[in-house]
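Novice: These protein sequences, in sequence, are chains A and B. So in our numbering the end of the first sequence lands on 445, straight run, no missing numbers. So in our numbering the end of the second sequence lands on 654, straight run, no missing numbers.
Simulated from the structure, these hints should not be mistaken for lab results. The reader is advised that the hints may include incorrect statements.
Straight-line distance between alpha carbons at most 30 Å, and here's what the computed DSS-like set of lysine-lysine pairs gives [claimed, not checked]:
1. A:K416 to B:K593
2. B:K593 to A:K105
3. A:K357 to A:K416
4. B:K601 to A:K278
5. A:K264 to B:K593
6. A:K432 to B:K593
For reference, the chains in residue letters:
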Amino acid sequence: MTNFPEERVKGSAKPPQPLWKGSPIGIYIHVPFCASKCGYCDFYSRVRQDQKAGYLKAIQQEIRSYAGRGIQADSVFFGGGTPSILTPNEIGEILGAIRESFALQPDSELTMEANPDTVDLEYLKAVYALGINRLSYGVQSAVERELSALGRKHTFPRAVQAVEEARKAGFLNLSLDLMLGIPYQTEGSLRETLGAILALRPEHLSCYLLKIELGTPFAKRHAEKDCPSDDEAADFYLLTCQTLREAGFGHYEISNFARPGYESRHNLKYWRDTPYLGFGPAAHSCFGGRRFYNPSDLALYIEKNGQIAETEEDGSCGGYTERLMLGLRLAEGVSLAEIASLDPTFTPEEQEAFRSRCTPYIKAGLMAETDGRIAITEKGMLVSNGLLAEIL
Amino acid sequence: MSFPMDHIRNFCIIAHIDHGKSTLADRILELTSTVAERDMEDQLLDNMDIERERGITIKARAVNLQYTAKNGEVYEFNLIDTPGHVDFNYEVSRSLAACEGAVLVVDASQGIEAQTLANTYLAVDHNLEVLPVVNKIDLPAADPDRVCQEIEDVIGLPAMDAPRISAKAGIGIEEVLERIVSDIPAPKGDSEAPLQALVFDSYYDAYRGVIIYVRIKEGRLKKGDRIRLMATGAEFDVVEIGHMGATKLNPCDALEAGDVGYITASIKSIADTRVGDTVTLADRPAEKPLEGYRKVNPMVYCGIYPADGARYPDLREALEKLQLNDASLSFEPETSVALGFGFRCGFLGLLHLEVIQERLEREFNLDLITTAPSVIYRLTKTDGSVIYIDNPTNYPDQTLIAKAEEPYVKANILTPVEFVGNIMTLCQERRGIYFDMSYLEETRVELHYELPLAEIIYDFFDALKSRTKGYASFDYEFKEYRESKLVKLDFLLNGEIVDALSFIVFADSAYPRARKIAENLKENIPRQLFEIPIQAAIGGKVIARETVKALRKDVLAKCYGGDITRKKKLLEKQKEGKKRMRKLGSVEVPQEAFMAVLKLDD
């Protein structure tokens, strides 16, 4: 196999690196299939599954194009779409290609997203046996009305069952997804959901504020009229942060909460600006100092055997602005000195200018500076888009 | 081809807005075959896009036509299209002075309106023969008999035999032309007398310099003559003279008394050729200029700033270009703490302001921030000196003012009788002083008010329309300065005065207006990362307050699968959005907010 990643990237003239020298990377596998589309989702997935065989062949081909370089990896994340639409055998094939092509570390984090209604005990046992050691369930809400408004197929009792089955199958690291600011949600219903979710004793929680994306069915049917106002949604977010903190969860990223030691290793790579490779249509990569992605076109992906990567418009990665933008999503925030050591263009003058732009927001309680690190507070995270536009 | 004086007819068409003035002009052009049909474009005389779109004439135009009358004789017609708005009254009066007659167009369903009267009175003042024409007789609501009666009763012109036409449908146009021949007097004048030519318009041509439109009252003008403009004293050598064709200029060898024509003389500045001035010959000057010249002075001022400060030089260039064709536009640089570099511009009135603003945005592709319009206040200070203030920023401390005066206008409002109550309420709200009211007919009245100009430059016209379902019409002229109680109202955003929002207001109106504007500002300033207090203050005293609450939710919850580019793009978009705002201290203010001070009526 001679398809080194640098050759896949248009306009790159770098010679292939024979041996991997960096820290272990993350591997993302995009599974672009769903049993049905949810009204709020604008991620790339298809309901038709007749292209599954072609997809499996192409993605293994794409993964194997990195073989033979000794690239170390310590996290794999199956996202989608709905990865649990793949059979354990199919998951196994992909994992096989990964293990053959990368030096997967023994303590790696192997996550799979799943819908509670697409798994059962047998399935879970099978994927656990393949090495998947972390499950992420899209639970979203414990309230039936809210689940059906979102277009989710499962009921909450089914989600409870799926959690029990996961435990039985051996999973010690479970993450659950919740959504905030969704149609019909009230403070009361959110408290109900939080209580019910905490009773399941997950190790990790992702709580996403709903954003109605252009072009989604939600946008077309003006779902916002059934949603809480922005002010209410902001209160819901803060209530969630507080409730989870009291339950022993650390709030380590805008939307992510974990019991100590259970922060998602894979997702942290995104925010800490460390390398990762994404495979499958619509997957994004940050590798070899460049950002590139596969276009959202399954047919083309299959036709070209997975060799369709294009460089991002702003194809570089690792610059200080990017590191600040990403690092400030994390509660740990950023260390200016650390970033300057990685990107020398972040001069002392630039650092000072950045710090002075932050000062009014530190005073206003939207940001905080402790032990040489600057971070955005919970209150600030709610308005982080506008905040970043001011300080970057 | 030169016509004997008794075969020349110089006339204009006057009308209330939308009564069909320009359409009639077009039909006349067609019928005299001045314009080939393929060149025919609706409203030919209205050259500017804005004129066509708004259905108004801003600049005077003139066109030379030949008409073969039923008596077999060929006549030369000079049709002068006049501006149709009160802001341009002086220009109208100069155009009228170039004519012997006026065709008065009245809409057969709407009847006499405020500008019908104002323009007719102007025409009568200039001793013009007024020929009434009832237009739009093909409309279902047309009532020509009633309108003719109204013309007789209200204006006192015989109108029962007035041509009844439809300019749009081309009905009765020939009758109008015949009546122009029979009713409008031929010009008088002595071609051998010293030259007196009235400048009734001028415009700047990039190749030939200023082109002056003149009516020769006395004497003769030839190519190569050295001319003098009597008011400005400027002298030039005539390069070309001729008549104005509908689509091009037609040069000729001489213009004589009674003629309407143009002059080019390599004139670089329109300021040398003021409308109303008299052209004479340098070596044989007339004893005195024609009557009626005056320098027009702006009545309304506002600050105009580029939304993007870097385009200040572009704005200057654009204003200079517009001024080439519009001597009544004045501007000088000014600086605002809030808005940076811009210009304080003077206008004849609010329409003039709007037209200039629109042309700057449209023809020069500029994004503008316009501050609230201001009239010119006359202040007598405690040391006895008198100052004129057109910019609120320069308003002196209250303790230094012995006497404050503001301009008043005489306003003339025509309305169906059922809206009299509404109009009286409106005028009262705007500090109007009722003068008198007369019935034009059973259902329509004419109201006379004296109003402070400051009260009508904001949204008086809009308010009048909305309270009379669009039926009332309105016209005004400057009357005098009167003593008044004035205060300067300041607005503070986040505790800092925004100079561009300050304005001068009648003291008793200060409280309600401060509250209203604070509310408007609140609605126009988007929520930001901080809470933004909005305060209105007189001197140091806060009299109204609103708060723009802090933004609560603006976050990208998920960066799916490491798609960082999406987040980068969002950040870029957010930064781009900020560029369209003005940063005043820590507050970002969109352009619209600066207009918020203008909208007072709900």
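Novice: Does each hint hold? Answer for all of them.
Specialist: These are the hints, each one checked on the structure:
1. A:K416 to B:K593: At roughly 28 Å apart (the allowed maximum being 30 Å), K593 of chain B and K416 of chain A satisfy the hint.
2. B:K593 to A:K105: violated, 73 Å
3. A:K357 to A:K416: Measuring from Cα to Cα gives roughly 54 Å; hence the hint is violated.
4. B:K601 to A:K278: holds, 22 Å
5. A:K264 to B:K593: violated, 44 Å
6. A:K432 to B:K593: Since the Cα atoms of K432 of chain A and K593 of chain B sit roughly 34 Å apart, the hinted pair is violated (cutoff 30 Å).
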